[in-house]
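K.L.:
Line order of the protein sequences matches chains A and B.
Numbering follows our numbering, in which position 131 of the first sequence is assigned residue number 131; successive positions increment by one, without gaps.
Numbering follows our numbering, in which position 251 of the second sequence is assigned residue number 505; successive positions increment by one, without gaps.
Calculated directly from the structure, the hints in this document are not laboratory data.
Heads up, the beta-carbon is just placed ideally off N, CA and C, and yes, glycines get one too.
Among these hints, one or two may not hold up.
[Said to hold, decoys possible] Here are the simulated lysine-lysine pairs, PhoX-like style, with alpha carbons at most 20 Å apart: (1) A:Lys156 <-> B:Lys336; (2) B:Lys386 <-> B:Lys336; (3) A:Lys167 <-> B:Lys369; (4) B:Lys382 <-> A:Lys164; (5) A:Lys167 <-> A:Lys156; (6) B:Lys302 <-> B:Lys336; (7) A:Lys159 <-> B:Lys382; (8) B:Lys369 <-> A:Lys156; (9) B:Lys382 <-> B:Lys370; (10) B:Lys336 <-> B:Lys370; (11) A:Lys159 <-> A:Lys89; (12) A:Lys244 <-> B:Lys310; (13) B:Lys336 <-> A:Lys159; (14) B:Lys297 <-> A:Lys161; (15) B:Lys386 <-> B:Lys400; (16) B:Lys336 <-> B:Lys369; (17) B:Lys319 <-> B:Lys299; (18) B:Lys386 <-> B:Lys369; (19) A:Lys164 <-> B:Lys369; (20) B:Lys302 <-> B:Lys319; (21) B:Lys370 <-> A:Lys164; (22) A:Lys233 <-> A:Lys167; (23) A:Lys244 <-> A:Lys233; (24) B:Lys386 <-> A:Lys159; (25) B:Lys386 <-> B:Lys370; (26) B:Lys369 <-> A:Lys248; (27) B:Lys297 <-> B:Lys336; (28) A:Lys244 <-> B:Lys319; (29) B:Lys369 <-> A:Lys159; (30) A:Lys248 <-> B:Lys370; (31) B:Lys370 <-> A:Lys167; (32) B:Lys400 <-> B:Lys382; (33) A:Lys248 <-> B:Lys400.
[As the list claims (entries may be wrong)] On the chain A side, residues computed to face chain B include the following (Cβ under 8 Å): (34) Val147; (35) Leu151; (36) Glu153; (37) Asn250.
[To be verified] Some chain B residues close to chain A (C-beta under 7 Å, calculated; not the full set): (38) Met358; (39) Arg364; (40) Leu377.
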Amino acid sequence: MKETWYDELQPWIIPSILLIGWQVIASSGVVSETLFPSPLSVIVSAWELTISGELFNHIMASLGRAGLGMIIGGAIGFIFGILNGLSNKAYRYTDTTIQMIRNVPHLALLPLVIVWFGIGESSKVFLVVLGVLFPIYVNTFHGIRNVNPGLVEMGKMYKLKGWKLFKNILLPGALPSIFVGIRYALGVMWLTLIIAETIPTQVGIGYLATNAREFMQTDIIILSIIIYALLGKLADLTARFGEKRLLKWNESYR
Amino acid sequence: MYFKINEVDKLASEVITENDDVKQLSPHAVQIDLLHASKSFGKNKVLKEIQLSIEKGQFIAVIGKSGSGKSTLLRIIAGLDKLSEGELLYNHSPLDESTVNITMMYQDSRLLPWKKVIDNVSLGLEGKEAEKAERVLEAVGLIDFKDEWPSTLSGGQQQRVALARALIHEPSLLLLDEPLSALDAFTRLEMQNLIETIWSNLGFTTLLVTHDVREAVRLADRIILIEDGNIGLDITIANPRPRQLSDPKLALLEEEILQRIMNGEMKSVSEKSVSL
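Looking at chain A on its own, in the form it has when it is part of the complex (with noise of 0.2 Å):
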């Protein structure tokens, strides 16, 4: 079914209503501006942030930290679940181990990672780290023990071993569930990453929102929050778009 300009408009709405309702209302005077301040002066306020240069400063502080502790954590999630997936001695080394970790909250560790790593990048980073790591190593894990075995069967028929049969048939099998793990990660990231930018710091949307408190700028606090809303969309898209690329063979990735 081709879609017309009418279906592509209709989950656009209910938000524009919202939207248009919350101006309407702002600028009646009703609700105190300083406390619900309207869309347009968040639209200002983004503005002459944009124009200084700051928010693409503060845009890039948040990603970059995002993107190192995401590196730095799906790496050892993956490394960890690949190789507990393939071996069970390594699995009976280390799994409960991991699991133990992975109860306790990594949020509720805020003040001691203060306490450890300062109140610089590496403790924002270790947060998020920490976070993301075990999504990942939860799924991978189970991707590759969950692949058919019957695949891996006929693959060792065909005199595939080691790395032919990882590469082959274990990775390809496992990708669909280290996708999901990936992509549940990429939400676990940014809930990190609001909570570790309350520690203090100069540069990050965190340090737009709890600068802004400080001087009762509302406008810029629902700014922040609108961003990080659009940086979690933004990822969860480019985790799709690897998806619909990586798993186009698949028929619901189609």
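Following the hints, put chain B in place on chain A, whose structure we already have.
P.N.:
Structure of chain B alone, referenced to chain A:
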């Protein structure tokens, strides 16, 4: 135990007629010998002292009810399981993967869904070897589908790709584990013809496990019935190929074998009801 075997044997020898075609024999074709071969899973003895010799280039069908041990026999010959006792010889010696090439077709095609058809066929091969994939796909009539995902193919087409994948390795031994049982009747007939033609041209040794007696009678040089871990029946069919299923002698043979299998079952059922 061997009741009625004489009748079946007699019938089989009637079916045997002069066959003038000299069948091509693959230079790689392998002879297989099982000597006092037993396999147990725990206390459960699945194969009991099997003695079986399969000649080079022979098309042998193994039939039997579920749980009779026929699949275990196939897995052992495939090298996927090890014998508990006895010996398994390929060309009079233990398995040497450099000279004996075993490939297999399963009940499900076991194609890798993340590889295009042609890459499924050339799985594990590189360079010159992999280039043969197109020719093999042509042989099974699927060259037009070489760049498709396996999931877009019908069940019969998927099994053809699996057959191509088995053939590209120039097998000494092709193992067929009920590869046609999930196909519809027409596709099954088509596939039987295809397998027979390719086997006649290439002359590798073939072992087909099936519960379809008609399929066995239609394709095999020799039929082995596995019952309770023993060889209950071993008959040779030398009818000329391609065989017509309408051939009354073949139909009779099929009927006899079926009777033979089912009688065993009815007997055990009635024994049980008596003991109740």
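K.L.:
Take the hints in turn and mark each one as holding or not.
P.N.:
Now for the hints, and whether the structure bears them out:
no.	hint	result
1	A:Lys156 <-> B:Lys336	holds, 15 Å
2	B:Lys386 <-> B:Lys336	violated, 33 Å
3	A:Lys167 <-> B:Lys369	holds, 12 Å
4	B:Lys382 <-> A:Lys164	holds, 18 Å
5	A:Lys167 <-> A:Lys156	holds, 13 Å
6	B:Lys302 <-> B:Lys336	holds, 14 Å
7	A:Lys159 <-> B:Lys382	holds, 17 Å
8	B:Lys369 <-> A:Lys156	holds, 17 Å
9	B:Lys382 <-> B:Lys370	holds, 19 Å
10	B:Lys336 <-> B:Lys370	violated, 34 Å
11	A:Lys159 <-> A:Lys89	violated, 24 Å
12	A:Lys244 <-> B:Lys310	violated, 49 Å
13	B:Lys336 <-> A:Lys159	holds, 17 Å
14	B:Lys297 <-> A:Lys161	violated, 32 Å
15	B:Lys386 <-> B:Lys400	holds, 13 Å
16	B:Lys336 <-> B:Lys369	violated, 31 Å
17	B:Lys319 <-> B:Lys299	holds, 16 Å
18	B:Lys386 <-> B:Lys369	holds, 17 Å
19	A:Lys164 <-> B:Lys369	holds, 14 Å
20	B:Lys302 <-> B:Lys319	holds, 16 Å
21	B:Lys370 <-> A:Lys164	holds, 17 Å
22	A:Lys233 <-> A:Lys167	violated, 31 Å
23	A:Lys244 <-> A:Lys233	holds, 16 Å
24	B:Lys386 <-> A:Lys159	holds, 18 Å
25	B:Lys386 <-> B:Lys370	holds, 15 Å
26	B:Lys369 <-> A:Lys248	holds, 10 Å
27	B:Lys297 <-> B:Lys336	holds, 16 Å
28	A:Lys244 <-> B:Lys319	violated, 45 Å
29	B:Lys369 <-> A:Lys159	holds, 17 Å
30	A:Lys248 <-> B:Lys370	holds, 11 Å
31	B:Lys370 <-> A:Lys167	holds, 15 Å
32	B:Lys400 <-> B:Lys382	holds, 17 Å
33	A:Lys248 <-> B:Lys400	holds, 16 Å
34	Val147	violated, 11 Å
35	Leu151	holds, 6 Å
36	Glu153	holds, 7 Å
37	Asn250	holds, 7 Å
38	Met358	holds, 5 Å
39	Arg364	holds, 4 Å
40	Leu377	holds, 6 Å
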